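Peer 1: Work out the full structure, taking the sequences as your base and the hints as a guide.
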Amino acid sequence: MNMIDVRVAAIEQVTPLIKHFKFVKEDGSKLPPFSGGSHIVVALDAEGRTYRNPYSLMGSPTETDAYHISVRRQENSRGGSAYMHENISVGMTLKITHPVNLFTLAKMAHKHVLIAGGIGITPFMSQIEDLNRLGAEYELHYAFRSYKQAAFVEELQKACGNKLHCYSDSDGKRLDMDALLSNQPLGTHVYVCGPSPMVVGVLETAKNLGWPDSNVHNEQFLAPPVGESFKVQLAKSNLEVQVPAEMSMLEAIEAAGVQPEYLCRGGVCGRCELSVLESDGGLEHNDHFLTESEKASCKKIMPCVSRTKGKRLVLDL
Amino acid sequence: MALNFKQESFRDDYTYKNSPEAIKRFPFPFPEDQYMYSVNIEPHTKGKPGSVYEFPFDIDEHYVAECHDRAITLAEDAGRYQALPHMMDAQWDFLELAMESLSSDYPEHFTLTKNGSIWTWENKPLGIHDTFTFGDSTTLPREPFDYMGRQVQGDFVLLDQRDETLYADAGMVTCQADWSLAFNVGMSWREWHGPVPKATELGVMDRALKYLMNLQLANPVRRLNWTMTVNPRLDTSPENYPHWGGDRNKVNADNVSELIHLRVELQSLFRLPRSNGIVFSIRCYLMSLKDIATYPRWAKRLHRVQKTMHPDLIEYKGMTKFHPLVVEWLSQFDDGADIGVGTQPE
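These protein sequences, in sequence, are chains B and H. Position one of the first sequence corresponds to residue 1 (the numbering used here), numbered consecutively onward. Position one of the second sequence corresponds to residue 1 (the numbering used here), numbered consecutively onward.
Just so you know, the hints here were simulated from the structure itself, not pulled from any lab data. As the structure is a prediction and not an experimental result, all values here were calculated from the model. Keep in mind that the hints are not guaranteed to be accurate.
[To be verified] Residues from chain H shown here face chain B by an in silico Cβ test under 8 Å; the list is partial: (1) 86; (2) 160; (3) 161; (4) 162; (5) 163; (6) 165; (7) 184; (8) 216; (9) 217; (10) 218; (11) 220; (12) 274; (13) 275; (14) 276.
Think of the CB as a built atom: it goes at the ideal place given N, C-alpha and C, for glycine as much as any other residue.
Peer 2: Take a look at the structure:
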């Protein structure tokens, strides 16, 4: 995969849990333009292993002197976000992928309703730039625990004006999904990024109100969940790989020297899909890509976020 | 290295000719003695110097004449260029990709100078020199895709990605193998591939779609496609069928090697940055049977491939009328020797 070398140009502690990183090219040239909602994968070599974590790009997709990402320090982090917070400093060099967009704006929408929860605001930070540039009709609904923990409210007020609607738990202000989604003109598209209950809430509300699936968009990158340790046998490579509890199957396979294809590493894009030849326990599917029936068939697995409930798995790799 | 651009025609008197260098670099599409559809997509990476794969967009000795032929076709039928309104970001993406590629790969012929968003483009072979504001269509003589599509060899379709498929929402198509942009514009992947025999039942189209939906920036891909055309005619469109369809009746045993051209399309696909769209580039190479036969290895291979071609494919590619004559003419070169795998001429 073509990677881009970048230098960390600035780091800002935005809230007690969120840091904002600014990346520039070593030679001072511009980074590639991208489309609102894109993410990059940041590769971190740390303590003998490589983390590759996806982060949404913030800021202007067309003025790309720098890339901006924000990282929330996750509780129960396997290390990726903690490493970004503790070990990355200004001046260091990192490798990133080219931008990939799995959360695109629908260009033909008559109106866009953006719904963000907490750190889920990040993909919208580039989408609003595109929407403003195109003069599109939109509203941004941003829910968070408290103003102290909410990132970028001032910037958003500047960029969105009265299109921004904030909801702070600590003020007792709640976003009424039902009211919001039952009163939109035909041709509206809704986009949600945030914690799982919020995403599920928007998807279910939209479904109950009769929204077409094609007008409802969500993005939920999953950090690879920790689990039990297990062995995976790679049939074509003739290799047996031990997957430790705190490592994803994809990471363990890469550490063993095999390079399967991947893109988002968050259970969304489907690129790393592998065929399961044998399994001694049920599969623990954590991705958003496979359909329910594909998951039930136990023939496919996304190694970036999924695991086995058993002790041993044989893959066609 | 400066190219020598030819004065030649792709219609009426058909003065189009390939130089020996052009024959040698022809992208011959048959690595094996039998042909069948497959997902034959590979990374569009830099090939050998002088090959058609050296650069993202290949410019050759026919450049000026092809652009001229395209201008004639567009002047006669404005419908060969279409762009739906939501494709404007993709139009600028295309212009940027084409200008940056051509100016960096063929600096003696094309130059691009950027001063912030003020860009100056010079195309010496076509005598074009314009300064414009990137992102502002009113500063160009035509909208960006229309402007730049006329200055690159090959047809172009801009695809929009939405609803888990790809839509052909813009195009400049003047050298097509009998398909119509006016008919296909706005169609989804499965709609425009509907007529392809065999491929759908083999699951080829679904796999190719899945692959392309994940196409990444800076990682373009390519494949070759092919058909045969009577005369070196670029515009074999359904719109102009009356001008070329009847030529198939003029082929006989005496003229088959000069009239019949193997038409190879170097198809490449690039993810576009601002629009998240894809540009599908279809670069057409025409080579007469006679020129192909200057390399006996190619003549043998082409004979075997054609001799074993499935009748459905012969019909789909519009070759039924003259196909037996092609096989018969090529048979004189085929001694049955094993020529191994690969598309090389020698």
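Peer 1: It remains to establish, for every hint, whether it holds in the given structure.
Peer 2: The hints, checked one at a time:
For residue 86 of chain H, the shortest C-beta to C-beta distance to chain B is roughly 4 Å, which falls under 8 Å, so the interface hint holds. Below 8 Å, beta-carbon pairs count as interface contacts, and residue 160 of chain H has one with chain B at about 7 Å; its hint therefore holds. For residue 161 of chain H, the shortest C-beta to C-beta distance to chain B is roughly 7 Å, which falls under 8 Å, so the interface hint holds. Of the supplied interface hints, the one on residue 162 of chain H holds, with its beta-carbon coming within about 6 Å of a beta-carbon of chain B, less than 8 Å.
Interface restraint check: residue 163 of chain H against chain B, minimum CB-CB distance 5 Å, threshold 8 Å, status holds. Evaluation of the residue 165 of chain H hint against chain B yields a violated restraint, the C-beta minimum of about 10 Å exceeding 8 Å. Annotation: residue 184 of chain H was flagged as interfacial toward chain B, and the flag is violated, the nearest CB pair being 18 Å apart, outside 8 Å. Interface hint at residue 216 of chain H: satisfied, since its Cβ lies 6 Å from the closest Cβ of chain B, which is below the 8 Å cut-off.
Hint status for residue 217 of chain H: holds, given a least beta-carbon distance of 4 Å to chain B, under 8 Å. Checking residue 218 of chain H against chain B by beta carbon gives a least distance of about 5 Å; that is within 8 Å, so the hint holds. Restraint check, residue 220 of chain H versus chain B: the minimum CB separation of about 11 Å is more than 8 Å; hint violated. Evaluation of the residue 274 of chain H hint against chain B yields a held restraint, the C-beta minimum of about 5 Å falling below 8 Å.
Taking 8 Å as the C-beta cut-off, the interface hint given for residue 275 of chain H holds, the closest approach to chain B being about 6 Å. A distance limit of 8 Å between C-beta atoms decides the matter here; for residue 276 of chain H the minimum to chain B is near 4 Å, and the interface restraint holds.
Hint compliance for this structure: hints 6, 7 and 11 are broken, all remaining hints hold.
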